[in-house]
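K.L.:
Take these sequences, add in the hints, and give me the full structure.
Taken in order, these protein sequences are the chains called E and W.
Sequential numbering of the first sequence, starting at 1, is according to UniProt numbering.
Sequential numbering of the second sequence, starting at 1, is according to UniProt numbering.
Errors might be hidden in some of the hints.
The list treats identical chains as interchangeable, and a pair is accepted whether it falls inside one copy or across any two copies.
Listed below are the simulated DMTMM-like cross-link pairs for lysine to aspartate or glutamate, each with C-alpha atoms no more than 20 Å apart in a straight line [what the hints assert, rightly or not]:
(1) K359 <-> D165
(2) K36 <-> D165
(3) K172 <-> E240
(4) K287 <-> E192
(5) K203 <-> E274
(6) K319 <-> E174
(7) K89 <-> E276
(8) K36 <-> D262
(9) K46 <-> D100
If you are wondering where the hints come from, they were derived from the structure by calculation, not from laboratory data.
Number of protein chains: 2
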Amino acid sequence: MSPTNQVYIAIIGAGGVGKCFLSQLQTLAARRPSPKLSLCYISTSKKALFKNDYAPIPTENALQALASSSTAPLALPKVVEFLAAAPAKVVLVDNTSSQDVADAYPAFLSRGISIVTPNKKAFSGSYQLWQDIFTASSTSGAKVYHESSVGAGLPVISTLKDLVDTGDEVTKIEGVFSGTMSFLFNSFAPLEGEGGKWSAEVKKAKELGYTEPDPRDDLNGLDVARKLTILARLAGLPVESPTSFPVQSLIPQQLESVATGDEFLQKLPEFDSEMEGTKAAAQNQGKVVRFVGSIDVATKAVKVGLEMFDRSHPIAALKGSDNIISFYTKRYGSNPLIIQGAGAGGDVTAMGVTSDLIKVLAQI
Amino acid sequence: MSPTNQVYIAIIGAGGVGKCFLSQLQTLAARRPSPKLSLCYISTSKKALFKNDYAPIPTENALQALASSSTAPLALPKVVEFLAAAPAKVVLVDNTSSQDVADAYPAFLSRGISIVTPNKKAFSGSYQLWQDIFTASSTSGAKVYHESSVGAGLPVISTLKDLVDTGDEVTKIEGVFSGTMSFLFNSFAPLEGEGGKWSAEVKKAKELGYTEPDPRDDLNGLDVARKLTILARLAGLPVESPTSFPVQSLIPQQLESVATGDEFLQKLPEFDSEMEGTKAAAQNQGKVVRFVGSIDVATKAVKVGLEMFDRSHPIAALKGSDNIISFYTKRYGSNPLIIQGAGAGGDVTAMGVTSDLIKVLAQI
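P.N.:
Take a look at the structure:
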């Protein structure tokens, strides 16, 4: 524990997850008098709040104060300097999905600044960055936790780490890793009833806020590929990048280059027949189609795309926008260890960040 | 971390879980040079191995050495004294299911000795013992972790703690908490096919080693009641004991007092009609019967017994001797966070103990 019994918290990012995290941090600080948690830096891409003497920023109105701030955020190397000079231990909470912030993790960690984050980019970018991050962490003793980078607050990363650290052999990881894809396929090819047309389901998902502003950013499979990259590396496979294994995109080739998401949605119905064919092929075998990722550790095969599942398979029975992750291991035998539940949303994502913070606080 | 960069490990219990743990400890010590883990005490109820100067006991042949030892175990107060006087931090691994050892936890903890254990008795005994354990831990700073007390190595306790610690509101916990009961009902009332007679399934389960030597020790529901007691307390309910809420026993009243497990099994077929009736009643509603535990946090209702589930419910679809635990919370909404997999067995139980040990080592 920090000798001064105080820990400084720095937050980059105040979007959906950032707002929920700030609220959870306030509750946490109120419930746990020790160590005293002091917010010393908070920024968006446009604005920042901080004092040169590290005077605590009140969490209860930090967002309003940030909105009316006229201070620009520090450049990342300056943030490293500012936090490294703080008079107590510091935990950086990266609530962005920024590659730039991720690229700076080795710099933060090597200066003794611990990191908790839902940002997938740091752990699914180049394998070099992955190595730099964990080397910096083990050299300085600063901690880096990223539970919410896969499955939001579901205990996915921690469970996989526990399996590996206790000497189990993970043989296969399989699941539905995208809330958006889960929602789309549970509606398009449900266990009960017919389901809607593919283009109509994509449109509905967008209207309900389940997709990125341009739905192609979900349909290209990259988000799932990033999560698979993280899990494969934790399972011991040195996967080079999320584009170094087969990833099936659900964007029709002719629509890859249309200018906007709206134009994409408008033209998508012309391509419904292909997805209808896939659905019918599964139905003819008494199965349903789902968008899944899998890692076969022995053959080092990582892949993302459509697969068919028996109607009694847990992946077929998924509901809403839930994720499901199955760990097949030597110890668990033929029945996998399964984790299931909401894998997206501000509150549950922030929960993973907050529980990571609690774990880091117990160790620094 | 311990100033000497060494941590002493003391193990009580060398049965099924103890043997698996010892093997995992050996792997762990070989993989992690720091802190150095030294086994300084190991005992069964009859024998012990230890040196007055805390000289390390080689883990690779500790079991053989223990078997040929002529030293009796120390009385528990003497074990406390012996470990408290060790020249470095100590973690006690209680691999027994002994109430006596559990009752000594406050004494160990108050002397700064951390504890990891699958022993349910400490956390499901009197509420006074529960309070004494956690008061001693928070006063001395010694840690106490018991992941494997519910669901073996499945991340049940850690997930519930994370939910509570990050400020989520757990509204309901429901599941199948006994591998034995899971196996019995998945065979007696399967989703596909007719299933066998109740008494025949109990006999088969015993032959396969899925039950206690006397199957009544599973069928009385107490094991499940103990697990529910632990989870309810973690969720904030001050449950007095595992007998302070309704627990349905599956032992026919007339067979409660027969002398032996064998006599019980011999007479059980005379009572098959009652369980057949329960199965038929469920079938008539298109459901299946399962033995479950549930905690309704708002109404403080904890109960254990038979319930009917829709055939599409995850509890109905369970396989083999798997456990399933569903956490309903404010953040997770209508779809619970679900954890599923093997909830019994030496290796997976020891895995929970070993991962607890890793967490304790990171903090002491």
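K.L.:
Does each hint hold? Answer for all of them.
P.N.:
Hints, verified against the model:
1. K359 <-> D165: both (17 Å within a copy, 11 Å between copies)
2. K36 <-> D165: between (31 Å within a copy, 16 Å between copies)
3. K172 <-> E240: Classified as within: same-chain Cα gap 19 Å, cross-chain 42 Å, threshold 20 Å.
4. K287 <-> E192: Result: close both inside a copy and across copies, 12 Å intra and 17 Å inter.
5. K203 <-> E274: So K203 and E274 pass the 20 Å test inside one copy only (17 Å; across, 53 Å).
6. K319 <-> E174: For K319 and E174, the Cα distance is within 20 Å both inside one copy (17 Å) and across copies (18 Å).
7. K89 <-> E276: neither (56 Å within a copy, 64 Å between copies)
8. K36 <-> D262: neither (48 Å within a copy, 60 Å between copies)
9. K46 <-> D100: Within one copy only: 15 Å inside, 61 Å across.
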